[in-house]
Amino acid sequence: MATKVVMAQLSPTMEEGKLLEWKVAEGDRVEASDLLAEIETDKANMDIEALGGGVVLKILVEEGQTVPVGALIGIIGEEGEDISALLEEAAAAASVASGAVEPGFPEEADAVVPPAPPEAPPPAAPVPPVVEPPHSKAGESSVTGTVKASPVARRMADDAGLRVSDIQGSGPGGRVVKRDVEAAIAAGGTVARATEPSGGAAVAHAGAPSGPRRLADETLEPSQMRKAIARRLVTSIGPVPHFFLTTEIDMGRALELRKALNARLTGGKIGVNDVLVKVAAEALARHPEINASWEGDTIRRHGSVDIGIAVAIEDGLITPVLRAADRKGLLEISTEASELIGRAREKRLLPEEYQGATFSVSNLGMFDIDQFTAIINPPEAAILAVGGTIEKPVVVDGEIEVRPRMRVTMSCDHRVIDGATGARFLETFKAMLENPLELVL
Amino acid sequence: MAVITYRDALNRALREEMRRDDRVFIMGEEVGEYDGAYKVTKGLLDEFGEMRVRDTPIAENGFAGLGVGAAVAGLRPVVEFMTWNFALLAYDAIVNSAAKIRHMSGGQFTVPIVFRGPGGSALQLAAQHSQVPDPWYANIPGLKVCAPATPADAMGLLKTAIRDDDPVVFIEGELLYNVKGEVPDEEHLVPLGVADIKRAGEDVTIVAHSKMLHVALQAAEKLSAEHEVEAEVVDLRSLRPLDLDTYVASVKKTNRAVVVEEGWPVAGIGAQVVDDIQREAFDYLDAPVARVSGLDVPMHYARALEKIIVPDADAVVKAARHVCYLD
Amino acid sequence: MAKAEEEIMGAERADLQGIPREKLLEMLRWMVLSRRFEEKTAEAYQSGKIGGFCHLYIGQEAVAAGAIGALREDDYVFTAYRDHAQALVRGVSSDAVMAELFGRIGGTSRGAGGSMHMFDSEVNFMGGHGIVGTHLPLAAGVGYAIKYRGGDQVVLCFFGDSVVNGGPFHEAFNMVAKWELPVVYVVENNSYGMGTDIDRVAAVDQLFTRACAYEGNRAEQVDGMDVLAVYEATNRAVKRARETSRPTFIEARTYRYLGHSMSDPAHGTYRTREEVQAERKNDPINSLAARMEEGGLLTDEEYKALDAEVIAEVERAARFAESSPVPGPDEIYSHVYADEFRGGLDRRDAWR
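Residue numbers (numbering that gives the first Met the number 0), protein chains in the order written: chain H, 0 to 440; chain B, 0 to 326; chain V, 0 to 351.
Hints should not be assumed to be uniformly reliable.
As a list, the in silico DSS-like pairs of lysine-lysine whose alpha-carbon atoms are at most 27 Å apart [said to hold, decoys possible]: (1) H:391 to H:429; (2) V:177 to B:41; (3) B:252 to H:147; (4) B:41 to V:146.
Just so you know, these hints were derived from the structure itself, not from any lab.
Can you build the whole structure from these sequences, using the hints too?
Okay, here's the thing in structure tokens:
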């Protein structure tokens, strides 16, 4: 019996995919799990594998074409098998899907492919993480179906001026339910759909190649005052009430340390960024109140320190996640980070590799930026924006000295973090960098 | 307020109504000399005599039809079925005659009759003696149907049913006869077609009636004690008219509902309740309404299987957690 | 008895079998009315003015006229779905019966019942019941109510021959016999249950013997084509019921000339044309008229005048029915319950 090869849903938010390259041709014999094609999703380039063995009887989508998730792109079966019914089905489905695919007439098909939806900014760091899904309003059907939401959730969202399509659903199959809308309202707006909720992050952790988790997640009941702060602050600046803390750090010793270590390494090289990630992870381990998320009614303190590293890639950003960074040595961090960043640039990250960070670091130093503020990537509670390390005159012990100085600005979610809390974290972060021996304390 | 059994509450209702109105009489198998198969009619023969407490042959269609005729002629019969399973033989009298005569005569004749008896499963009575007749009658325009769960409601509803000018199907719970509860000492009437909120709550509405009310209340306590869910329990009391205003209002408040019944799922009472909820409270729902019903099979004799077939509090708890998105 | 009455009234013969001329004329008129009414009904049915199931009584007139003729005004009558003649004889106006057939507001049930469900509380006409056998226990119940109140009314209950094979027949006879209820049951044995000869489905030769199984019951068989025989038998049964509160079962052997209903053939697979024609020769109306003429109780002119008067009544009834309003939508929910249905009966009836 012939089996269908369809445009698989390769990420939670994927609605369509572009066929980059066929790895097989019509007539080729394939076995189950053989690589069939490479697909570009909204997040990354992914592989489609054969679900069963047989001969590739038909290829329905040309390279370069974009088709909706679920669309038939090829057929595998036995030689000489009658696949006319499947082809008709594909044709019918294609015409229903506004003629997204016209088997055998790829050029014409191209002509009728609807314009791609606005590119969803990835769940990365220093750009506003507000996702604009292709739905124009709540409940409107998309290419792949409707936004699942309970009636009362829709009504409450409407009343609050929110769109259910902007709200991450926690119900079965991602259904947006009452508590999600309540959380979104409490958050003063949206919990962006494109980001993974902390619940989902936990699932991602399970499959992530990280060491044993040091602690289980802990759910805290916020105090009345904390609830009031959360309520009040969201009415001021957007869904996540940001505030910013800036400090300037003397990088002298850190750079020396890095240099010394690199001198002893045969392969690979520890980058400044690796040091920052390591130090941030250690500081987070000492300040678990920063490694947390606001969840509407509760605050989740994450048991694992998973640091997102903002990586600029062609036409966007992505944040590969370094799991359990506080448990890893600098070398391990460096190796893992460079591997992740490399694949991020090739758009070859798996969803669980770029979702579910608990804190992010964004570094624009290489662009000669002295200082900037980053937008928090919910549900993380903070992000650290790192500027370039600049030689500048400073007063040290009454003397003017030229020192390598780096400015960092931490954006904090005021629902979770107060000014003093954030300041204490930065104090630790700064102390560790200025005196790397702190790391071993 | 006296604490009496459901059985005695029914007995008191019959006695009071028979004293009040000499058109009221009771007939059925074993209602007289034997004092009633379930002792609901205990002592009535002695007080009211044979013409008003009539032992009948085992001929349900015959004596139910006779009751309908007597009602049309102006009496107020209470026809007891030893169980509602036997009343299937009288379905013609109830459905084709009692429920239709008023309509077919263009309103010239009324049929003030009460058909009553126990329904539902008891203990190991197997397939023919364990059925829940509720939807068979609730479906019929021309009938009124009630199924009380507590002694006070049993008394108040039976008295109202006897005074009602339309045929009333009064379904008692075979396992409820020994249930005790407070019953007012004074005259107590409960209107037909009015549900009662037996427990207030904010998180989920549980709709139930008859024996399942007690299961629902038990589940509500568990939900509160173990799951931090406060359930509102609506006792339908009447199955026709169904008091949709009460359960719709409750669901509008809680946004979630579990509908419990002892009978079978297909075209059951719960199916109607769910329909009413989706129609009148669609925009208030946070989850598809869950139904807990008897399993879709004839009743098993074996105790272990019978226990599985009849809904219990754990099933209701599970359903409530589900609609609250707690699993 | 007849002798004594004759003496009192003088030399002129004023009766047949002791039944006074007035009563004879009344029963003759009822039979002619029943006949003419059903003829008009057939015509209206065929022209589409009457719908549904419609069972005509032509041929059986002597049973209704003779049996109901034996009743008092406060007695009760139950019957099955072949009920037009029973209603007319009981005193329901021909206007109302015809209007009911037409489905109009002026009908006995305001158009809710139709052919099979004539009811009139004014004359204790307890209905037209559509399910075979279902009304026998109901009639017993009215008997129970009479006894309960200590009254002396009687219930007369007609049904067809098919009923004797069903449960309600036996359940009802057992109860009326055991509890001594004043009910007179009359089976109109026209030999056919729809298109099935009763001999093919009943394990009994003489139907009246079925009721003999119940002690306290009395059963007899009469010629149902002879109105006087039916009248006399019912008189005996009514007297027994009224005076001793005991039931009687009368089997009236009769014959229906037409098909079971308007949609059924008069003859065909189950009986022959010849059989029907032969039975028509024994017509109950003709035979009573002939005997009355023979006895000097009726002239040909008188009969023609009576017939003309009946025809005029039936025509008037048809005109009344035609002009009576069709029930409005408000009637749909009007007679389902005695009181307002809580929450509204139309609450779930959307899209109408």
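How the hints compare with the structure:
1. Of the supplied pair hints, the one linking residue 391 of chain H and residue 429 of chain H holds, its CA atoms being roughly 17 Å apart against a limit of 27 Å.
2. At roughly 24 Å between alpha-carbon atoms, residue 177 of chain V and residue 41 of chain B fall within 27 Å of each other, so this suggested pair holds.
3. For the hint pairing residue 252 of chain B with residue 147 of chain H, the CA-to-CA distance comes to about 22 Å; that is within 27 Å, so the pair holds.
4. The suggested pairing of residue 41 of chain B with residue 146 of chain V holds, with an alpha-carbon distance near 24 Å, which does not exceed 27 Å.
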